[in-house]
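Engineer: What follows is each chain in one-letter form.
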Amino acid sequence: MKSVLGSVLLVAATSTLWPAATPRPVPPPRSFDFTHDVLPVLQRYGCSSAYCHGSATGRAGLKLSLFGSDPAADHAALATQLGGRRVDLREPDQSLVLQKALGRLDHGGGRRLPRDGSAHHLLRDWIAAGAPWSHGERRELQALHVHVRGDRVVAEATFGASQAPRGGPAASETRNQPDRGDVVDVSDTALFSSTDPTVVEVDAEGRFELRGEGQAWLMARFGNLTALTRIVRPFARAEAAAPRQTAHALDRELLAHLGELGLPHLPPVDSRQLARRLHLDLVGRPPTPQELDVFAAKPDVPATIARLVQKREFAEVWAAHLARWFELPEAGDEGPAGAAAARSRDALVQAIGRGDSLPAIARGVVLGAGGVLDRIGDARDRADFAGRALLGMRIGCARCHDHPSDRWRHEEHVAFSACFAPPRPDGAGGTMAGAMFDTESGERVEPRFLELDGALARGSTAADRRGELADFLVGSGHDAFARNACNRVFAMLFGRGLVEPIDDHRLGNPPLAAGLLAALVGEFHRTGGQLPALLAFVMTSGAYAAPAAAADGPDAAYLAARTSRPLLPATFLRAVTAVVGRDVQGALPASPLARELALRNGPLLHSLLAGGGTTIDATFEVCGTPHERLVELWRLLLSRPPRAGEEQRFLPIAGQDLAAFRDLAWAVLTGREFGHHR
Amino acid sequence: MMNRRNFLGTLAALPFAMQAFAMGALPIGPRRRPRALITIWLDGGMSHLDTFDCKPEAPPEIRGDLGSMRAAVDGVFVSAHLPKLAARLDRCALLRSVTHGEGNHDRGSHLLLTGHRPSPVLVHPALGAVLGHDDGSVLPPYVAIPRGADYAGAGFLPGSRGPFAVGGDPGRADFAVRDLAPEPGQQHERAHELRAAVDALDGAARGAPEAQRDHFVAMAKRLSEDAEARRCFDLAAEPAEVRQRYGRHRLGQSCLLARRLVAGGVRTVFVGDTGWDHHTQIKTALTYGFPPKLQALDEALSALLDDLREQQLDDVLVCLCSEFGRTPRLNPLGGRDHWPRAQSVLLYGAGIRPAVVGTTDARGEEPSERPIAPADVVATLALALGIERELVLRTADGRPVRLVPEEAEPVAEVLRA
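Protein sequences appear in the order of chains A and B. First residue of the first sequence? That's 237 in my numbering, and the numbers climb one at a time after it. First residue of the second sequence? That's 3 in my numbering, and the numbers climb one at a time after it.
Bound conformation, chain A alone (with noise of 0.2 Å):
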């Protein structure tokens, strides 16, 4: 066979022209496949990056699939064009392909190759047995675990006979365990990473070092499998969490994973600031002196949560969280797209004044509800847009090519786009299902919805696919639309995502904190979807609770303190009309340093203070003392007490004339504290 004596050749050749090289025996004979062997080495050196011969256009007149995309295209771009001439069957070692990697020959991208390595040894086998596509039995890549053994993280991948269809299980992040198979050690060739360096760093080998304390995945990527392992190295802060018993599913949660982490579980905000969180949250703006007071008195949080989401602020504020979250337009824009947009929020609006659930108002977006989706003219951008905001997957990579940390293919992003081809008209007066053809090709494409866990993936024939498609989107079968609204909701209300980014959920990019997600959409499930439950289920919990850290750091970023936001351009104004008593007169601009020079020199702030009529007059003229009008002036504003230091400072202009104690709103309210979420 051909093959044989390629490699009887190989071993002459060898000898010759590397004496030195260290003897190597005979190889046993192997089975080769391509696709599992050949192309994991050029991933792992780099040879297929977007940088080097997976760009769009390659280099240096030899192209590769990006990450190994297109195996059959990279094996024909290695051992056929230019006539072989990349590979020498005869002799392996003198291949273009192993010159250049090795740094033998001019090379852009420099030496690739360790020399003599197995990576080496394995593409110089593989061109002595002929450069074959396949050789011996085919092995279906069926599933890759990743453990940690010594100071190595070991990725491991399980190969079967079985030629499972496509979308079978080599096509997802299944990590189940196949019946049968063979299990082969691939960690010389897996690609490994950690998803933060600073507390576990791992080099190409695999051998990994603990750097700093937290929490870190490493991850092994091999074909088109990701599998990853949890690193924990504990804080061990003095102050630790001790177990404690709470009957609130989060925090059950959130206690397990601050003791795994070493970090304290600390005290709770006191009921002023928890009144100040819920309001702002809620509806846009911090609590009436009354409300404060009532609040102080008996700190009831479902009560005052009943009591404001029946507020229309409630379902203002968040119809514009859901406008973002659908992707509309910030209101303001002028023109026939900010009409339509104003629209699309008004229908938002009036969702949630009617308590429609998120799965509900989720199935209107889809069914055409408030012209959310017309918005959007290309069925391609649509099938993208339905998969951030509604399944929270960023399906949109796969739109160019298939991307090697996702499981998305290209060919599933064409098939799920066509899902939203526009109906189309039949030529008897009525419609039929609309079309969409593949770019490349010109063929039309077999719409398919996108294979979830638990969802079948299946076609659709329907005229109007819109109702199927938004039972699949909001589905009961497949958790991903559950996981992107309670993810969604918990980063409205943190500032951040137990997932991020918010639209990024996938195996390789794992949450924060597994167990509160899953605890949230178990809440999700139970009280179907309804907002108000859903925020209540995290507003009672000590998570919500927590005070505001510092500064950056491990306490903000593993969710025992809270971290302080800035209250959106919109809020900030429904905040300040609310407080004043007057409404603000105009918008504050975009760019922030325009923003600050408003709120500096612009009549914004200053004319609407100087006016009078505001509650700020008034409470400077109710008061008897200047004590008092402090106290007051802090309480409305700030939703607590002046501390002894503003105090000291303040008394005397609170002893001032009106004027003074204008400014001294107006410094309030352009302050860091009045216009940050903490």
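Take every hint as true, because none was put in to throw you off.
Simulated coverage check for chain B against chain A, where a stretch passes if three residues somewhere in it have a Cβ under 8 Å from a Cβ of chain A:
1) 175-186
2) 197-203
3) 207-218
In case anyone wonders, no lab produced these hints; they're calculated from the structure. Remember, predicted model here, so these are calculated numbers, not experimental data. For each residue, glycine too, the CB sits at the ideal point set by N, CA and C.
We have chain A already, so just place chain B on it with the hints.
Structural biologist: Relative to the frame of chain A, chain B by itself:
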């Protein structure tokens, strides 16, 4: 205040060099101070056949009926409505064969302004946002006149890299940049002092967002208190003759303001002119109106080129571009539609060698020689501005992304050695 003309290799170069070093960018060769960029963006898509790539020999439905004239460079015909620019074309680099495949405003804008094809998951920063990092000077590093465009912003870089939008309409007689200083007689000194006290008693900023807000509060204070810096924004400080020369319209006065700002030390200015999406009656739109579009462009840009030379602002680069060209064949409504296969881009100034590069075919449909990708244009700008070509930026999640795509090739013909 340090300004562009009196800066002469002083120590003030240090903060930039250090920041550039931290970013992985090093100015190429010794330089007095970083070069500045003025981008003039004709939003909607400038018709190449009615401006810088006229085809007088083509049939009427292609060449249109605006007329053309010989420019100061052999073999180049520009619109008869751009006489001043025609006479100055020998000082410019004209790229006539810029070509791409994004015929939608959003996608084309992203491509031309950032050099990257639009990605569903990542908005890239405009070149101006990359250049415009704060070096502690009083003036903001990146200014948009009157406001930015989609994709002229910070993209995946921190929001503080976005442009300061001056707002308003510079063409109006009563134009002034809003809120740069308190209204006369409204000093609010006490209020400002009290706010400083409120913030001081609040303690240190809690985390990055609060620190960023403090940064802009401080910047607003510096700008409000520096009358000389503020004068850079004051068009009324220009002699009437100069304002007239630029043209008393939005584009002209925007260009004049851009010149004042770069002279004062602003690193990048984005001048956005709207209304170039001429699907109907392109002749009327370009040659009538208040002011006629082409006349305004001719006045504004030629005045800017002259002014930069007279003021010896030879470290300023000007780039005139839009998201795509327009269809060579007039449509039944007398307009031209989107046409990304061919468009013209005009460059002038720092690091740029005058040349006319590339041609389109007889109908202006496709490049007939030297096709240039938008990424090549951005690579050219970056190189001319002294930015390292391999500069790698980081997304918020730490992913490395090249400023200039790997495959981009700078247009060597227009780069000064």
